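Participant: All chains, full assembly: derive it from the sequences and hints.
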Amino acid sequence: MPPALAIYAPIFPEIFLALAAMALLMYGVFGGDRESEVPGWLAVLILAATGALVLMQAPGAVQLFDGAVIVDDFARFMKLLILGGSGFALILSFDYLRDAKILKFEFPVIALLSTVGMMLMASANNLISLYMALELQSLALYVLCAFRRDSVLSAEAGLKYFVLGALSSGLLLYGCSLVYGFTGTMSFAGIASVLQTSGSNIGLVFGLVFILCGVAFKLSAVPFHMWTPDVYQGAPTPVTAFLAAAPKVAAFAMLIRLVEDAFPAVATDWKQIVIAVSVGSMLLGAFAAIGQTNIKRLMAYSSIGHVGYALVGIAAGTPEGVKGVMIYLAIYVVMTLGTFACILAMRRKGGHVEDIAELSGLSRHQPMLAFMLAMLLFSMAGIPPLAGFFAKYFVFTAAIQAGLFWLAVLGVLTSVVSTFYYLAIISKMYFQEPAANFEPMPGKLRFVLAVTGVITLFLFIPINLLVTAAEAAARSLF
Amino acid sequence: MSIATAFFYIFAVVTIASAIMVITVRNPVHAVLFLILAFFNAAGLFVLLGAEFIAMILVIVYVGAVAVLFLFVVMMLDVDFAELRAGYAKYLPVGGLIGAILLAELLLVVSAWTIAPESALRIGERIPGDVTNAEAIGRVLYTRYVYFFELSGLVLLVAMIGAIVLTLRHREGVKRQNIGDQVARDRTAIEIKKVETGRGI
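Line by line, the protein sequences are chains A and B.
To convert, note that position 43 of the first sequence is 43 in the working numbering; the numbers rise steadily by one, no gaps.
To convert, note that position 95 of the second sequence is 95 in the working numbering; the numbers rise steadily by one, no gaps.
Simulated from the structure, these hints should not be mistaken for laboratory data.
In this text, all values refer to a predicted model and were calculated from it rather than measured experimentally.
Don't take every hint at face value.
Simulated crosslink set (DSSO-like; lysine-lysine; CA at most 27 Å straight-line) [unchecked claim]: (1) A:K444 x A:K428; (2) A:K349 x A:K444; (3) A:K101 x B:K175; (4) A:K104 x B:K90; (5) A:K101 x A:K428.
Just a sample of chain A residues kept apart from chain B, beta carbon distances all over 10 Å, derived [unchecked claim]: (6) S114; (7) L136; (8) F147; (9) V209.
Beta carbons are placed, not taken as given, at the ideal position from N, Cα and C, and that holds for glycine.
Facilitator: Structure (structure tokens):
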């Protein structure tokens with residue numbers, strides 16, 4: 001390798017992913033067969049290869065392009081999560097896309113480009129690179145939401161997400177311009193050093209608030225959550241699975257780096273906002289989900305709640321808190337993908353069904369599927385010894401160590417409330433008269449469900465590995 | 001009065017006049033044409049400022065693409081402007097009141113506006129005289145800012161794929177012209193029949 005290129009080695013995974021996505025696009029355009037699973041499987045392979053490239057990198061932090069991009073242990077941890085989330089979501093997509101007659105090669109291509117955006121979000125170290133990576137990711141997601149273009153719901157989801165997403169990008173950009181105006185620099189380190197010497201002022205706090213509003217929208221945190229249920233419900237189910245997993249990780253990675261690297265000097269200001277958003281999300285996630293009859297809408301409210309719990313870790317503002325968030329995200333991605341594998345298995349002769357009532361008596365027909373779904377839902381509720389318990393345990397202990405007792409107590413109370421609606425589904429599956437049976441579960445869904453189920457069930461044995469990795473990654477930020 | 005000043009006044013007056021025409025003419029097609037005139041004169045103002053690159057971009061992007069797009073939209077949508085204007089008098093008092101409040105607030109804000117003295121320090125360096133705009137941008141665009149440049153390329157690629165995948169429909173049974181096939185056709189593909197006069201086929 002020529003030495004001039006070697007300095008770009010830290011972002012080889014992203015370059016590889018982007019080039020591979022373009023090659024896949026060419027393959028799709030000129031490769032002939034329009035309805036084929038080959039591009040999708042190639043995309044999964046590409047994601048796996050990118051993951052291998054990320055794993056092969058030496059530890060330590062490197063900055064590139066005048067500090068616009070930083071690659072450190074934190075970024076690598078998040079990138080692996082993102083790649084895993086995208087890859088498994090793609091594996092979930094094939095059968096649904098075939099049933100809906102939208103098995104096109106563009107789907108994996110757009111998903112790969114969106115993943116490039118997410119990985120660059122995790123590495124963004126300057127306001128412009130943050131914004132542009134975010135736009136790359138979001139633009140691809142808008143298209144994916146509207147991918148089933150003959151369905152009114154899907155088109156509505158795409159349009160709603162696009163319009164509100166554009167609005168939130170505007171807020172974020174406005175905030176960025178205010179912060180740039182008041183500090184005179186775009187780089188996170190520069191902003192931090194200006195704030196260190198000159199202190200905070202009202203204009204800068206305005207900018208910070210706008211940026212956090214934009215990020216809260218991308219996270220679907222209260223009070224910027226309104227789009228979530230409609231988009232989750234309207235988007236094709238594999239897209240919902242994609243949307244619920246990897247982009248959340250990327251948005252959290254971006255938020256953590258932003259507040260910890262650029263705004264540590266005004267921590268009291270952003271902590272108030274993060275706490276308020278977190279409390280709102282936890283409460284809404286717990287109460288609004290109770291009345292839902294559509295399982296995808298329920299998952300939307302559940303994800304709002306999970307975002308609230310994860311934000312508790314950021315509100316702590318300590319390395320412990322960041323570690324907690326990272327563990328939370330890793331477990332959340334696994335649980336979400338597993339649950340969506342179950343939702344995608346709700347399939348009858350006439351097509352996919354989404355009503356929770358359709359799950360009645362599932363344990364009679366498909367005891368294994370019912371057990372797995374029940375286990376995943378228990379895990380989401382945070383029942384030990386399942387993985388979801390550890391997720392909540394680490395963020396709440398970090399909050400307690402940071403003196404936020406009431407926030408941790410509120411988190412525990414809202415998880416108790418959320419247990420109610422998870423249990424309602426489980427009782428439907430086990431104690432109600434059976435509805436008609438579903439079609440047998442396709443092999444790909446079985447595979448994803450098996451992997452995520454085993455991780456959720458047995459994570460308590462190797463939990464230390466995850467904790468050590470998250471601890472090392474979190475330390476690179478402080 | 002120097003020539004530059006004279007041109008400034010010409011461009012400025014035409015820009016403002018055509019901008020007013022854009023929102024007052026009744027025919028929307030005329031409005032878009034006045035918008036194009038406004039863009040051209042704004043480009044002239046940029047040339048006077050020495051920002052010839054922005055002037056070119058303004059003409060190419062705004063006149064060449066955006067205004068033409070507007071023109072197509074206006075022609076295809078067939079908006080009934082008479083209907084939109086209905087109730088104009090009814091809403092005038094409330095609308096006028098809100099407008100007046102907004103104007104008063106803006107005046108208050110602008111009158112209290114001060115520019116921090118240290119902001120002068122943060123203005124970027126001027127381009128050296130012997131380098132043109134386009135060259136100066138080119139020097140940093142593909143070197144220092146290559147990351148942002150490539151990233152925007154990816155964003156545009158996604159936009160392009162998205163637009164195609166969401167709107168392109170392959171219709172069955174539509175006959176398309178295939179020039180290769182036409183040219184490659186030999187004499188055996190057609191049959192010439194002699195029809196005798198007065199007989200018919």
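Participant: All hints, please: hold or fail.
Facilitator: Status of the hints after comparison with the structure:
no., hint, result
1, A:K444 x A:K428, "holds (26 Å)"
2, A:K349 x A:K444, "holds (19 Å)"
3, A:K101 x B:K175, "holds (24 Å)"
4, A:K104 x B:K90, "violated (52 Å)"
5, A:K101 x A:K428, "violated (32 Å)"
6, S114, "violated (8 Å)"
7, L136, "violated (5 Å)"
8, F147, "violated (7 Å)"
9, V209, "holds (19 Å)"
Violated hints, listed in ascending order, are 4, 5, 6, 7, 8; each of the other numbered hints is respected by the structure.
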